[in-house]
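Protein chains in written order, with the numbering used here: chain A, 109 to 318; chain B, 222 to 454.
If you're looking for bench data, these hints aren't it; they were derived computationally from the structure.
It cannot be assumed that every hint is accurate.
[What the hints assert, rightly or not] A few chain B residues that face chain A, going by a derived Cβ cut-off under 8 Å, partial list only:
id, residue
1, Leu294
2, His331
3, Ile409
4, His435
Note that CB positions come from ideal geometry on N, CA and C, so glycine has one too.
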Amino acid sequence: MRTDDLINALARDPVPALPPVRHLIVRALAISLPVSVMLFVATIGIRKDLMPALAEGWFGIKLLLVGLIVVAGWQLTGSRAQPGRSLPLLGALAAGLAMLTAVALDLRIEGVAGWTERLIGDNAAKCMMLIPLLSAAPLAGLLHALRDAATVRPGQAGAAAGLLAGALGALLYGLHCTDDSPLFLGVWYLASIGLMMLLGALAGRHLLRW
Amino acid sequence: MIAGGLVTVTGFTSLRQPFACGIVSRVPVAPCNICLRAHEQEEQVFMHDREADWKRLLLAARSGDEAAYRRFLGDVAQYLRGWAQRGLTRAGRSPAEAEDIVQETLIAIHTKRHTWDDGQPVGPWLHGVARHKLIDALRKRTGHDHLSVDELAEVLPVATSGSDLASSDILKMVASLPERQASIVNAIFVDGQRANDVAAKLNMSEGAVRVALHRALKTLAASFGTGADDAHR
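All chains should be built: construct the whole structure from the sequences, respecting the hints.
Printed below as a string of structure tokens:
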């Protein structure tokens, strides 16, 4: 085949058949996230003491911290879905710094005494089980969408999708969970999200090659 | 007197619109110094500002401009040829393989063209795709037909002769497509027929031909990717 023939054939179809990558990702989340939400509402649901918890402070900080991880995951997933993008580490850095600050704040305000109890919390096993469960649909949706993107580093792209899906699952679970200490968050939430990143990376290496 | 006037007019126009000279208008223009200078200037500007040019062409392609897209792909192919030859040489491979990589990369750019955001520079995106395909091609080819440095030196000048090098790899892959897709790809790519003619011949709608072509391209692009795995297995 001559390259000129190839060019002529390709040139007859100038308009991209697929929408921009951001749209693909948003679409994937719009379809998969409701599955997690329905699962969440049907099983555990929002905690009963939502209003007093919000007034108390640590609950809000928890949601904010997980929200920052969602933002970092969103940025990283977008960048890993397109060739030639630098790694946007600002969001991840901000989330990390916020987490450390929150841990320091916890130790200062609540006191060093009793830190092990706050860290172990009441529902560590439930947390480790339910966050991955609530993240499964978004991860599947994101990986499916990324197959239509251009992932030059499949492992990284999968890990980024795992981070975003894991953080979204954690955000949902966070609405139910009564362990609000940043210490608990820093161990169990992050471990669950890390598990999703690992799963995403492994799946990505197989599914996102092109 | 009249001729002098004409020269002035031509010169004036090309000074005002140096980029309309020759290439864009495709109207044969009498070679005058000002025009030639404008042409050189255009080449310099093009070399210097390839990025802006590619961006403009890709944006035009997005709104359905086939001519702009063809020019973009042509420019990119020419650029990639040199790039792939250098890359292959550096990797100790024959630069004669460059044309395969150029074609694989063009198909990848085509099937993944929606992943370029218009707010993003074209260059890094294009290099990302090209590097991906070059690495893929090198992995796929590792283990067979190694060339010595002497042979390489022999091949080098031949390889620069341009786009007419036949590429057997892609033809082999086309042959492995489902029969209907293969005949569509052959009709459009190799024989250069238009989609509507092919549609009439195969008793399909033009849309169906385009869909089949799209699927075929996707399969081709995918088999470039999985070729790496096959080589390792």
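Which numbered hints are broken by the structure, listed smallest first?
none
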